[in-house]
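Trainee: For reference, the chains in residue letters:
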Amino acid sequence: MSADVHAAPTLDVDRCLTDPQFFAGMQFHDLFRRLRAEDPVHWTVGDYERPYWSLTRYDDCVALMSDSTLFSNLAGPHLPPKGRDLTPEEHRMFGTNTHILMSDPPDHGRRRRPMNKHFSVPVVTRLRPMFSEIVTDLLDAAEAKGDFDIVADIAAPLPVKVILRLLGVQEEDWAAVQQMAVNALHSQDAEFQVDGHDELTAVVTYIDQVYQYVLGLILDRRATPADDYATILAQLRDGDELFTEREAAFMAVGFVLGGLEGTRNAVSVGLMELMAHPEQARALAADPALTSGTVEEVLRWTTPSKNRLRVATADTELGGKQIRAGDWVVGWIASANRDEAVFDRPDDFDITRTPNKHLSFGHGDHTCIGRAMARLELEILFPAFVQRFGDLQTRGEPEWLVSDNATGLKRYPVRVGV
Amino acid sequence: MTFTVEETGRELVLDASGHATLMQVAVEADVPGIVGECGGEMTCGTCHVHVESTPAGYTAARSHDEEDMLEVVDAPAPGSRLACQLPVTPAVAGLRLRVPAPS
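Respectively, the protein sequence lines represent chains R and C. If you're matching positions, the first sequence starts at 1 in UniProt numbering and goes up one per residue. If you're matching positions, the second sequence starts at 1 in UniProt numbering and goes up one per residue.
Worth flagging that the hints you see were computed from the coordinates, not collected in a lab. One thing to keep in mind: the hints can contain errors.
Claimed, not checked - Calculated pairs, EDC-like style, for lysine to aspartate or glutamate (alpha carbon to alpha carbon, straight line, at most 20 Å):
no.	chain 1	residue 1	chain 2	residue 2
1	R	161	R	133
2	R	357	C	41
3	R	357	C	6
4	R	357	C	28
Said to hold, decoys possible - Counterexamples of contact, computed for chain C against chain R with all Cβ distances above 12 Å:
no.	residue
5	29
6	57
7	87
8	96
9	103
Predicted model, so just to flag it, every value in this text is computed and none were measured. Beta carbons are placed, not taken as given, at the ideal position from N, Cα and C, and that holds for glycine.
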């Protein structure tokens with residue numbers, strides 16, 4: 001612990017950590033670097049309604065995510081907008097104690113275990129032809145346009161086409177479901193604030209819209225099974241018992257929100273970095289063996305979801321600080337992924353980096369269940385993109401999403417070389 | 001203990017000491033086809049092996065969760081196991097495992 005962080009500069013640090021605008025871009029890593037060195041378990045009293053502990057070191061983030069009994073998920077998986085507690089009605093709409101992201105042991109395992117095989121590497125690998133076809137179609141369309149946008153034409157539609165098709169959402173509803181997800185998850189960005197909702201109310205309202213939509217799918221598939229993930233989720237069982245409608249529908253909510261958000265952000269930032277490092281892009285284009293390293297480095301570098309929220313269930317200690325039962329503890333995995341104690345040259349983007357044990361999919365019980373799907377999307381896209389577009393020119397600066405959790409772009413206009 | 005990698009026919013005789021499971025032994029030795037991505041949580045299905053022969057005194061029953069995952073692996077066989085669920089015990093030395101070729 002360092003006195004100077006608790007003296008005058010504290011206010012600035014804490015204001016930054018409670019200001020979504022501060023996180024638009026990559027400059028926030030300067031602050032995290034300082035916190036890792038000076039106050040890695042930092043009591044954050046800024047402009048949010050609740051103070052919280054900010055963990056910025058890798059090992060502390062791992063410790064936080066490794067013990068789901070001591071650190072509960074029931075307040076939500078991420079720091080909520082404005083750091084506000086949810087009301088009981090908002091918790092119901094959010095799926096607390098129903099959705100796996102807002103479940104603790106033993107309910108979490110009971111709900112998650114039946115799903116694991118459906119998201120396993122062997123099952124997802126069989127989807128490769130479908131994913132490849134989608135990627136090829138997107139690249140064809142972008143090339144035909146000549147002037148295109150990294151986000152609107154590649155990063156956003158890729159997971160929409162993959163995830164909503166897999167789930168079994170009919171194509172005429174894709175845009176509407178995509179918009180619900182954007183409204184739910186991007187409410188800290190003025191561009192996506194709608195209907196005068198407060199930021200957290202927007203999250204809950206639009207998650208409920210997604211819920212109502214996928215509940216319809218789940219009920220339909222219980223009556224009429226099809227060959228899709230809605231059917232798989234609708235038929236999930238805990239032993240002999242069918243999951244409740246709410247449990248099954250919230251699994252589908254997670255499929256939509258998790259599936260659309262992280263991939264879009266990783267793709268947008270990943271393609272921007274590959275364009276910014278043409279020598280690495282050329283190396284990847286020439287050698288597909290670099291694909292896995294590229295995917296993992298993009299995931300580390302971007303950290304599409306910056307933080308994980310947990311609530312201490314008992315008094316404990318982290319990094320020499322006394323944590324009290326009920327305290328909010330935020331693991332900034334975006335910082336952990338740049339921890340110089342774990343990663344050599346952490347601020348260099350390097351697709352040949354090894355080892356690369358990043359935490360972008362989380363750690364422990366709540367490790368992202370969809371990670372094999374996300375990896376497959378990125379594994380197919382990145383080499384195909386750099387092989388197709390060796391000569392892209394930018395038509396403007398990348399615009400960053402304003403969010404203290406999501407790290408991604410809103411727009412990045414480019415032009416195919418002539 | 002011995003891993004036979006079906007794809008290449010290569011046979012690897014490995015020392016299991018210092019490891020808790022055979023997935024860890026295989027990952028440490030870079031046995032092709034064994035990834036162990038989830039670290040032994042039975043969520044990834046990347047440490048599938050066929051048990052070819054089991055030495056006397058080596059037992060490890062399949063759990064429900066393991067059987068669930070084995071339903072979706074490539075090239076399932078009666079001796080299919082997840083290597084992460086095979087513990088290293090004093091009896092492990094005579095165990096023979098085959099890593100099925102990718103389909």
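Trainee: Minimum Cβ separation between residue 87/C and chain R greater than 12 Å?
Mentor: Residue 87/C clear of chain R: closest Cβ-Cβ about 20 Å, beyond 12 Å.
Trainee: Are the Cα atoms of residue 357/R and residue 6/C separated by 20 Å or less?
Mentor: Measuring from Cα to Cα gives roughly 29 Å; hence the hint is violated.
Trainee: Since residue 103/C was said not to touch the interface, does its Cβ keep a gap of more than 12 Å from each Cβ of chain R?
Mentor: violated (9 Å)
Trainee: Does residue 133/R lie within 20 Å of residue 161/R when you go C-alpha to C-alpha?
Mentor: Distance ~10 Å between residue 161/R and residue 133/R Cα, so the pair holds.
Trainee: For residue 357/R and residue 28/C, compute the direct alpha-carbon distance and say whether it is at most 20 Å.
Mentor: holds (15 Å)
Trainee: Going by Cβ atoms, does residue 57/C stay more than 12 Å from chain R at every point?
Mentor: The claim holds: residue 57/C sits with its nearest Cβ about 30 Å from chain R, beyond 12 Å.
Trainee: Would the pair residue 357/R and residue 41/C pass a check requiring their Cα atoms to be no farther apart than 20 Å?
Mentor: Between residue 357/R and residue 41/C the Cα gap is close to 17 Å, so the pair holds against 20 Å.
Trainee: Taking the minimum C-beta separation from residue 96/C to chain R, is that value above 12 Å?
Mentor: Holds: least Cβ distance 23 Å, greater than 12 Å.
Trainee: Are all beta-carbon distances from residue 29/C to chain R longer than 12 Å?
Mentor: It holds; residue 29/C is separated from chain R by about 16 Å at its closest Cβ, greater than 12 Å.
The structure shown violates the earlier hints numbered 3, 9.
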